[in-house]
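Participant: Residues per chain, in single letters:
There are 2 protein chains.
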Amino acid sequence: MENAKDFVIRGNVYHTPHLGAAEAKEYAYIVCIDGKCRGIFEELPKEYRELPKKDYKDALIVPGMVDLHLHAPQFAFRGTGMDSELLTWLKERTFPEEEKYADPDYARLAYGMFALRMRRSATTRAVIFATVHKEATIILMELMESTGLISYVGKVNMDRDAPPALQEKTALISTYDTIDWIDDIRNHHHFKRTYPIITPRFIPCCSNTLLDYLGEVRRLYDLPVQSHLSENPEEMKLVASLMPDAAFYGDGYDRYGLFGGEARTIMAHCIYSPEDEVERMRERGVWIAHCPNSNMNLASGIAPVRRYLDKKMRIGLGSDVAGGQTVSIFRAVTDAVQVSKLYWRYLDHEAEPLTFAEAFYLATRGGGSFFGNVGSFEEGYDFDAVVIDDTWSLHPQPMSVSERVERAFYLGLDRKGLVAKYAAGAKLSLEGDDDE
Amino acid sequence: MENAKDFVIRGNVYHTPHLGAAEAKEYAYIVCIDGKCRGIFEELPKEYRELPKKDYKDALIVPGMVDLHLHAPQFAFRGTGMDSELLTWLKERTFPEEEKYADPDYARLAYGMFALRMRRSATTRAVIFATVHKEATIILMELMESTGLISYVGKVNMDRDAPPALQEKTALISTYDTIDWIDDIRNHHHFKRTYPIITPRFIPCCSNTLLDYLGEVRRLYDLPVQSHLSENPEEMKLVASLMPDAAFYGDGYDRYGLFGGEARTIMAHCIYSPEDEVERMRERGVWIAHCPNSNMNLASGIAPVRRYLDKKMRIGLGSDVAGGQTVSIFRAVTDAVQVSKLYWRYLDHEAEPLTFAEAFYLATRGGGSFFGNVGSFEEGYDFDAVVIDDTWSLHPQPMSVSERVERAFYLGLDRKGLVAKYAAGAKLSLEGDDDE
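Those sequence lines, one after another, are chains A and B. Per our numbering, the first sequence starts with residue 1, numbered consecutively. Per our numbering, the second sequence starts with residue 1, numbered consecutively.
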């Protein structure tokens, strides 16, 4: 990773400063000063003319992709076992794999492959579930730090309804381990780009006591929160039976201070959120991680994204590996468009399908807002950029910059076409031969 | 292309001799005699021990993929213009591009790129729409012949409701050009692997007179038929208004002898087929080309595949480029599984989602039946095989052959992992640097 400095890059620029409003500029300059974007320029202003320049010529430059939700320990089995629903899949596929991360050597191997794939993706920001294991979670954080991506990583908490090898003995032990993990990070590590996040797995695996304690830890250390919400009808029934006094699933987090407001919170999925829950999320400013690929693979359903956008809620995209089969956020963008069309066709003809530009916004500025001013090339935004060379594949069809970007996403050119990646002004390495 | 001969290959074999029943064999032999499969063997029988052997070691060997429906002239704009529905998309995107194939030089360039991509895909059999242009269609057939794939290619017929540059002047002229095209193929070309197929675009673009003439041409030359059916609600309304005396959309083809029976027929999509139409398709043995990717992109819907399977109908998969964004049938398989899960969740809870093995069957033996005994390694089947090397990506998770195949499909390893391809016993070239 090269350190952040002042420089200029040039190429065909595309971003979405507003929802649905793409801005495309042919062969323009983007200026980075001290890790922040100074804007897009057709002519380079005088004061920047002496800065070092990198000319990406006819390649495409878009903001870095933001992945609001994925599970690092599930990466190892992605793309297998796709014939079951959430609760069965957790028991049969996920938990047996997550048990293995008790072994730091296994964690180093498997997380190493995950981190390499993240390095070689178009993603610059990610919010990640680890497992319950403290040591393995620190290993993952060290590996993520080395990629140069900016990420939140959560040691998972679960004190019920998990296999014995994975279940933390009591709420207190789970909480103690979490504090120990946070203190270890603060005292013994010097992460510059990798942050802890409070991570109760989901209500079926967390007792009320545990949620209560985690709310307190969160306040104490002023940390953000991530969890799952209203993903599957069976899961929701289970939650209702486990927490009969909660007004709705999300209320079960909210009563313990784990649902937005001062607690910056990401809730993954939100497919079946009742009106009250949606309203509470809106009030509390909860970020929704929309994970269309996972939601198909686990037969969960389709989240009502248009409804959330109409209410001006916070929403971004998640790959949700390994419910999702790939870490590619390019894929998440096109999946989001595709499922929104089926939603419109079959579930709500008032809910206009997402346009490509809208889904692109979710993947950049939408999810980016969790990290601050992230996800576009507006002045003052963190300089996160991805350069995609699609020039070998342009003939025979002449195409606008916008069409080329759309095509790069639909064809998945974030693999073969990825030539450079910047996060917060630092140019990241793409080296290595990853798993796909 | 190496000519078909007698040989043996060895590797980890996976195929689906019956719907839903996958057979996986670790490091087994497959014997090819005179282009036909002699079966899978754990120990090589004596009589085959002197044959030349190719050992693919730990790689995966599966039957070649069959693409029952795609549009070669739309390849050039795949992955763009995805924000509209069928009829708009045809007018704004498809027809303007198809006009260009009046120019043989453009056809040579654009079809050349298409054929290269097909060569470097896991597809061994394809059924392809060209355009109305006779010369360009012959160019496409020459290019497809050179790939070694076995394909049907159709000169499209359309005598109404198309832009002037694309619309054939009269039904008679359209028919005459079709006969001229077929005679040209018969008299001046020596295609061994590329066959003509009668291709009325769809009823909105074909007058009754034209359909009548094409039925006669079909009988005269004993050719198969391909077209589109019941893809989109607006399209179906249009068909009902254009052909008010037809009992249903498919009846509009059937009354002219273009709907199964003696006419081997593929109908693409069949999303909204009413019960009568389904019953007629079943009686007539019409093949259904299920195109899940395209059906999402054009917001068409989800075909009731489980219903067709329960009725033991003929059904395979189509990429439907460029309603579909990719020619990858690996992608079509996983898309078919994914949309079947949404269908089950939202449209019919009795319609069990497709398993991976069932979707694999559709992509191989299901569609393969259009070509004869094609799509599995049973004795007497044409030797079509694809070799996928996923061995660089196997750690850290030990996996069965079945899991590896599933994973190769979900991760799209038909690009980086494709190491060999055989069609009807001939080993095909994978050379060239294609567009993705």
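Hint data in this document are derived by calculation from the structure and do not stem from the laboratory. Check before you lean on any hint, since a few could be wrong.
[Stated by the list, open to error] Think about it this way: if two alpha-carbon atoms lie no more than 20 Å apart in a straight line, the pair counts; the simulated EDC-like pairs of lysine to aspartate or glutamate are: (1) Lys-416(B) - Glu-403(A); (2) Lys-416(B) - Asp-434(A); (3) Lys-91(A) - Glu-403(B); (4) Lys-237(B) - Asp-161(B); (5) Lys-416(A) - Asp-433(B); (6) Lys-416(A) - Glu-403(B); (7) Lys-91(B) - Glu-431(A); (8) Lys-416(A) - Asp-161(B); (9) Lys-54(B) - Glu-403(A); (10) Lys-416(B) - Glu-431(A).
Participant: Please write out, lowest number first, the hints stated earlier that are contradicted by the structure.
Facilitator: 1, 6, 7, 8, 9
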